[in-house]
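Novice: Taking the working numbering, I'd label the letters of the sequence shown as residues 4 to 416.
Think of the hints as simulated: they come from the structure by calculation, not from any bench. Each hint should be verified, as a subset may be incorrect.
Derived BS3-like pairs: lysine-lysine, alpha-carbon spacing no greater than 27 Å straight-line [to be verified]: (1) Lys87 x Lys222; (2) Lys265 x Lys17; (3) Lys37 x Lys50; (4) Lys50 x Lys222; (5) Lys17 x Lys104; (6) Lys68 x Lys87; (7) Lys302 x Lys17; (8) Lys50 x Lys104; (9) Lys265 x Lys103; (10) Lys117 x Lys103; (11) Lys222 x Lys17; (12) Lys50 x Lys302; (13) Lys68 x Lys302; (14) Lys50 x Lys103; (15) Lys222 x Lys104; (16) Lys37 x Lys103; (17) Lys302 x Lys222; (18) Lys68 x Lys104.
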Amino acid sequence: MSGRKYLGLCAIVKDEHLFLEEFVAYHYSIGFEKLVIYDNESAVPVKDTLRRYMEHGAVEVFPIKGESMQMPCYAHCLETFRDKVAFLAFLDADEFVVLKKHADARLLVFEYEKHPGLAMHWVTYGSSGRLTRPAGLVLDNYTEVLAGDVPNNLHVKCIVKTAQVAAVRDPHQFVFREPGMCCVDERGMPVTSALSPFCAGVVQVNHYAFKSQEDFEAKMARGRADVATLGGGRSLDQFYAQAVAPVAHNPALSGYASARLKNAIRSGRLFRDVPECPACQAAGDDEALAREVRRLVEKSRTATALVSLVARRAAGDGGWAATRLTALCCAALGMFERALDLCRELMVREPSVRSHFLHFQVLLAMGDRDGARSVGCYVRYACELFGADSIPQYAELRAMDAREGLGVWPREA
């Protein structure tokens, strides 16, 4: 298998050394495997700030000079990492991806993998009444969301499939290789501009656009990375307006998550909320892989099993056995549409009894007993018709039918 990663992140930064370790450690913890940072003439070089994480292998840093370099950096990142990373998110250092329903960002992206990209909406955070920069984490210090219909929250940031991107349009939009291709939002609806109807039930991008007044003034002085001639587009009037706007309390981290993140930054030792399974990654044959996945599932670590399988697929193991295990893990985690997609993939690739038996298993996991019975009857009669009733799937089907009472075999049989 190749060393290709499934999910990465790209950002261009300038003078963000006070917050950059948190940005890196947090996104690594939720599943981003490769973080590509462009240093746009920071006074404190990013390589110095992130040296420990570069040595870890999670971070690559590229120095870049000049104004209005955001889109050139994004284009460079796509070309450089197209064959090394399957999906890339494009974020600013004050933006944090927050998962609502998935244990790991790779599971989120895998659920939307058939699309060219996933568009995630901003949720804008205010200053929480802070005038000067506090110690501690951004995610802890700023907990008040600007309430109501905030027009900024119509903006999206995207995670895109690198193989299908043709060009960068702006920080929020990408041009894809085929006509009609576009990102979708979490509801599966097409997103064809930088703005779209707000939705954040599955994922959101916490946008810490203000922080303290001290930080906001520093942000004004830095200017913009996309279009320098806009002069930053920011004024203290914006800061004063948010300071008196209605807010809702919405902290990003629990106390436990905050403590883990602080420890990672203090020690320089990155961690994952859902770590990959080394034994799954190292499994040299289908039987060994199935054995390790079964062990994880029995220990209620199905998310770890699925993350490991997704990583294997990205590295080149798209074989029948790995895909079958991936479909079963998706079904166990309630990712039913993705499980059915994988069933279709296998049935097109190999229209065999074992592919249809997988479909039966997924339907049963979904609670679709009528559908499972229909597919089970097909599997039964196909095996009997072609004299294949000695294969393992036939015996397993019969045992499952007896246990579930589906009626694939009549009761008296």
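Novice: Run through the hints listed earlier and report the numbers of any the structure violates, in increasing order.
Specialist: Violated: hints 1, 5, 7, 8, 12, 13, 14, 15, 17 and 18.
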